[in-house]
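A.B. asks: Chains E and D supply the protein sequences, listed in that same order. Letter by letter, the first sequence follows residues -12 to 558 of this note's numbering. Letter by letter, the second sequence follows residues 408 to 845 of this note's numbering.
Where hints are given, some of them may not hold.
[To be verified] Distance windows between CB atoms, simulated:
id : chain 1 : residue 1 : chain 2 : residue 2 : range
1  : E       : 300       : D       : 471       : 25 to 31 Å
2  : D       : 409       : E       : 291       : 43 to 49 Å
3  : E       : 298       : D       : 475       : 28 to 34 Å
4  : D       : 429       : E       : 542       : 37 to 43 Å
5  : D       : 475       : E       : 280       : 50 to 56 Å
6  : D       : 427       : E       : 298       : 40 to 46 Å
7  : E       : 146       : D       : 675       : 22 to 28 Å
8  : D       : 518       : E       : 275       : 47 to 53 Å
9  : E       : 145       : D       : 757       : 43 to 49 Å
10 : D       : 801       : E       : 20        : 42 to 48 Å
11 : E       : 320       : D       : 801       : 29 to 35 Å
12 : D       : 757       : E       : 463       : 39 to 45 Å
13 : E       : 240       : D       : 479       : 53 to 59 Å
14 : D       : 428       : E       : 110       : 54 to 60 Å
[To be verified] Taking lysine to aspartate or glutamate pairs in the EDC-like style, the calculated list, with each CA pair at most 20 Å apart, reads:
id : chain 1 : residue 1 : chain 2 : residue 2
15 : E       : 553       : D       : 803
16 : E       : 553       : D       : 826
17 : D       : 773       : D       : 713
Simulated from the structure, these hints should not be mistaken for laboratory data. Just so you know, even glycine gets a beta-carbon here, dropped at the ideal spot from N, CA and C.
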Amino acid sequence: MTIRKLFQQEQPRRSFGWGDVAVLLGITALLYIGVRLALQAPEAVQGPDISLSLHVLPWYAALSVGRMAAAYILSLVFTLVYGYIAAYNRRAEQVLMPLLDVLQSVPILSFLPVVLLSLSAILPDMIAAELAAIVLIFTSQVWNMTFAWYQSLTTISRDLHEASAIFRLNRWLRLKWLELPFAAGSLIWNSMMSWAGGWFFLMAAEIFTVGERDFRLPGLGAYLQEAANQGDLHALAWAIVTLVLVVVLLDQLMWRPLLAWAERFKLEMIEGEEPATSWFYNLLDDSRLIERLKQWSRTWSERVDGWLGRRLEPVELDANMPARRSLPFSILGALVIAGVVYLAYQAVILLIAVPPAQWGLIGSGLLATLLRVSVALAVALLWTIPAGVAIGANQRLARWLQPMVQIAASVPATALFPAFLLIFLGLPGGLNLAAVILMLAGTQWYLLFNIIAGASAIPQDLKYTSALLHLGRWERWRVLILPALFPYLITGAITAGGGAWNASIVAEHVEFGGDTFSIRGIGSVIAGATASGDYPLLLAATLGMIVAVVAINRLVWRRLYLLAEKRYRME
Amino acid sequence: MTQEQLVQLDGVIQSYRSGERVFTAIEDVDLVVQTGEFVALLGPSGCGKSTLLRIITGLQRPTGGAVHYRGKPLRGVNPHATIVFQTFALFPWLSVLDNVEIALKARGVPPSLRAPRAMDLLDRVGLDGFESAYPRELSGGMRQKVGFARAMAVEPELLCMDEPFSALDVLSAESLRSDLIELWTSGNIPTKAILMVTHSIEEAVIMAGRIVLMDKGPGRVVADLPVDLPYPRDRKSPAFNHIVDRVYGILAGQTQAEHLELGTAPGEPGYTRALPHIAINDLDGLLEHLADIPGAHADIYRLASDLHLDSDHLLRLIEGAELLGFATIVQGDITLTPLGETFVEAGILGRKEIFAARIRRLPIFKWLFALLRASDQRQLEWNVVRTALELDFPPDEAERQLNTVVDWGRYAEALAYDDSAAILVLEPGAEPVSTRAT
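Build the full structure now, drawing on both the sequences and the hints.
C.D. replies: Written as C-alpha cells, this is what we have:
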C-alpha cells in the first residue's frame, strides 16, 4: 500500500492542447537564452581532482547530500507558493496548472548540457557546476510535490473550509491547522519520491563530462565514476556501500520518523492498513530534550499566532468573488508573452540554420533511442509481471522480499553506470548493452512496485470466483489478472518510460578510461553537440527530444491511462 | 421575552451561470427569524435549504436580494452565528479539546482562559474524560457533541445546524435531540435563536417551534407553519400526527394540471420537469408494499417508518409513482391507481410494457425518442444528449437526469446504452405496441 502511494502520480484528464504549445514555446525561449549564453562558455573546463582515498568518502557523501538538501529546500518553498497561488487564484490556476502538467513530462536531463554551458559562461566553473546540479535536481523534484500540494489544497472538504471561516480563522491559522496538516501525508510521500528521483539526477550531474569540458563535482557520483575509470574495484565497492548507507540512513532517520509523525494527520484509518512506525521517532518521542524543545516551540508558536492574529483578517468564503484583473498584472503578462514570442522566433531562426543532414541525425537518433527505451521497457515488463504477481499474491513472500527490493531500488541507477561500463564495454555491442541496462536498472522498480500493488489489490472474491469457475491458468490471466493489473501497469510504465529517456543522455555518449564511446541516439547527439560546440544542433536536438517525449506522453500514455481509469479501475 | 428581529432576508435569489444559461437555485425568498425562535428549514434535497443557511451565516453572498442581521446589512461571515455541520467538520488531527479551543483561539482568547472554558463546555455535553481523544476514536454521536461544544464555545446568538443528526445512528440522534431541546428550553445558553436545516419531517416537528417548508425546482418557500406543541413532544399524540400529515400533504400533494405536472420538453419554453432519481427496483418495492395493504391506501408518514426509508427517499419514490400514474396523493395519503395495481399484478414482461407505455408520455422521453428517430442509425452520443439537456439543467444535474433517463429507458427496453462507446440507441420499446412489427 505504502509503495503504491510512493510511485503513483495523478495524471490530469487533458489531452494535447494549446497549453502545451504555449509551454513548449516558453521552453524554446528558455533554451534559446541558454544556447546564446553557451556561445560564451569557456572552451575547456578543468574538472576537480577526484580523490579515491577512502577517507574522503564521508566528505563526498556530505557534499552530495548537501546538494540534494539545497535543491529540496528550494523545491519545498517553490511548491508551497506555487501550489497555494494555483489553488486559490482561479485566473492563475488556468495558467499554472497546464504549465506544471507539461513541465512534469519533459525529460529533465536533456537540459543538463544547456544549463551547464550557459551557467559556466557567466559564473566561475565550479559554482556553475554546483548550481547546475542544484537546478537540475530541483527540476526533477519539484513538480510532483507541487501537484500533491495543489491537489491537497483543492480537495480539502468544503465543510472544513466552512468551519474555518465560521470560526474566524485567519490565513495563517488556516495554513497551520487545516492546509498543512491535511496535505502532510501526501507532501511527505512525494518528498520521498522526489529524493529518490533526485539521486538519479545528482549522480548524472556529478559525472557529466564532454570533450574538453569536465563538469564533474566532488561527490559520491564522481567518486564512483573515477573508481570505475581507474578500475579500482575496492574503491568502487566502498562507494556503493556508502551510497546505500546514506540512502538507508536518510530513510531511517528522516523519512520514517516523519511518516510516523504524520500518522496523526490521517483523515480516517483504512481497514487493514498498518500505521507507519519508526524506532527513531519513538526514541525521540521519549527524550527529555525533545520535550523541552516542544515546550519552547509551543510558547513561540503561541506568540507568532498572537502577533499574526492581530494583523490578519479572518478568512472569508465567497464563491461569487469576481476574478480580479489588475492592470500591472496584465502589462507584465503581455510583456512576458512578447518576450517569449521574440525569443522563440530567434530560436526558430537558429533552427533554420541547422542543415537537413543534422535533422536526419536527430530523427534517426530519436528512433534509435525510442527503440532502446522500448526494449528496456519490454524486458522490464517480461520479468516484473510474473515476479510482481507472485510477490503481490503471496503475503509472506511480500513481507520478506519487499525491504530487500526497496533497498535495491533505492540505489540510483546512474551511480551504477560507471560500474556497468566497466563490465560491458569490453563485450560486443558494449555501449548499447550498457545503455539498455542503465535504462532497465532505472526503470524496472517503478514497474515492479506498481505490479505488486496491483496484484495485492485484486479482490479475494474475484480470485475465489475464478477458482470456482475452474478457469485455466491462461484464462485466469486473461480474464482477471491482466485487466486488474492494467491501470497499475500503465502508471508504472509512464514513470519508467520517462526515466529511460532521461538515462539516454548519460548512457549514449561516454568518456571512459581516456576514450570516447558513442552510439547512435538522441542522447549522443545532444552530448556530441555539446562537445563540439555546435549550438544550433544542441538546441534542435534538445527541443526534438522534449517534443518527442511530450508527444508520446500525450498520444500514447495519456490515452492508455484514461482507458485504464475508465474501464479497469476496481474501486 | 420581547422579540427582536435577528435575521431578515428580502427577496434573496441565488443563481449561477453555466455557459450561457443561468440556473436559479433559490428564487425570491423572504424570511424573518426573531429571538426566541427555533426554526426548521425543511424540504427535499435540492431545494436550496443548505444554501440558504450559508447565505444567512454569510459564508455565501446571494446573487440578489438583501440579508440583514439585527437591522444591519450582513457583510462577510456573520460573527454572531455559528454552524453545527452534518459531517461534524472536526479537524481530525486535533484532539477533542484542541478542536474546541481553536474556536476560542481564533477569537483571540488568551491561552490561560481557553483550556478551562473548553473543558467546561466538554463537561456540559458529557464528554469529560475524552478531551485528549481524537475525533476518529469517537462514535458519530460523540463527535457531534464535540461539534456542539465547539459551536457553543463562541457563544453564538444564532445557532445554525445543517442536518446535524442525519449522519448519526437512530439512538444517538434521539438522545442528542433531547439534549439540545433541554438546553434550549432551559434558557441557560446565550443563544437567542436556532435555525435547523433538515429533510426529516418528523425531526422538524419534534424539535422546532416553526417550520419553513421549501420545495425545489427552483428552491422556494412554499409554507410557513407554527408548531405550538409543548415540549417534550409525544410522537404518538394526535396533535403531533396531525402536523406531520399536514407537512407530508404539502410536500407530496402538490398535484397540478397535467401540462404543469409533466412540464415541457427540454429546449421548449416553460419549465422542464426533472425526473426523480429513483431505482426501478425501489419503485417496484413501494408499489408491491402498497398493494399488500387493504384498500391499497396508506398514510405516507406510516409508510416511512414501515419501510425504514428516510422521508427524502420516500418522497422521491412517491413523486415517481405519481409521475408515472401508478399512485395518487391526497392530503398526505397515497393510493394505488388501477394502473398501479395492474402493474403490480403483471409479470416482468408485462411490467416492462406498462412502464414503457407510461414513460412515452413524459416530455423528456418524447423529446429524446424524437431526437433519436431523426438521427442516423437511431443513435446518439451520450455527450450530445447531455449537452442538449444542459440547456435546461445545470451540468451535474443534466448528467444525473441522463443517467436516470437511461436507467428507466433500459428497463422499458426503449433505450440501449453502450458504455464503452458512450452511445444511446433507440430500441423497439420506444414505439407504441400497435406499430411494433415483428
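A.B. asks: So, for every hint listed, does it hold in this structure?
C.D. replies: Going through the hints against the structure:
no. : hint                      : result
1   : E/300 x D/471: 25 to 31 Å : holds, 26 Å
2   : D/409 x E/291: 43 to 49 Å : holds, 46 Å
3   : E/298 x D/475: 28 to 34 Å : holds, 30 Å
4   : D/429 x E/542: 37 to 43 Å : holds, 39 Å
5   : D/475 x E/280: 50 to 56 Å : holds, 51 Å
6   : D/427 x E/298: 40 to 46 Å : holds, 43 Å
7   : E/146 x D/675: 22 to 28 Å : violated, 39 Å
8   : D/518 x E/275: 47 to 53 Å : violated, 23 Å
9   : E/145 x D/757: 43 to 49 Å : holds, 46 Å
10  : D/801 x E/20: 42 to 48 Å  : holds, 47 Å
11  : E/320 x D/801: 29 to 35 Å : holds, 32 Å
12  : D/757 x E/463: 39 to 45 Å : holds, 42 Å
13  : E/240 x D/479: 53 to 59 Å : holds, 58 Å
14  : D/428 x E/110: 54 to 60 Å : holds, 57 Å
15  : E/553 x D/803             : holds, 18 Å
16  : E/553 x D/826             : holds, 10 Å
17  : D/773 x D/713             : violated, 36 Å
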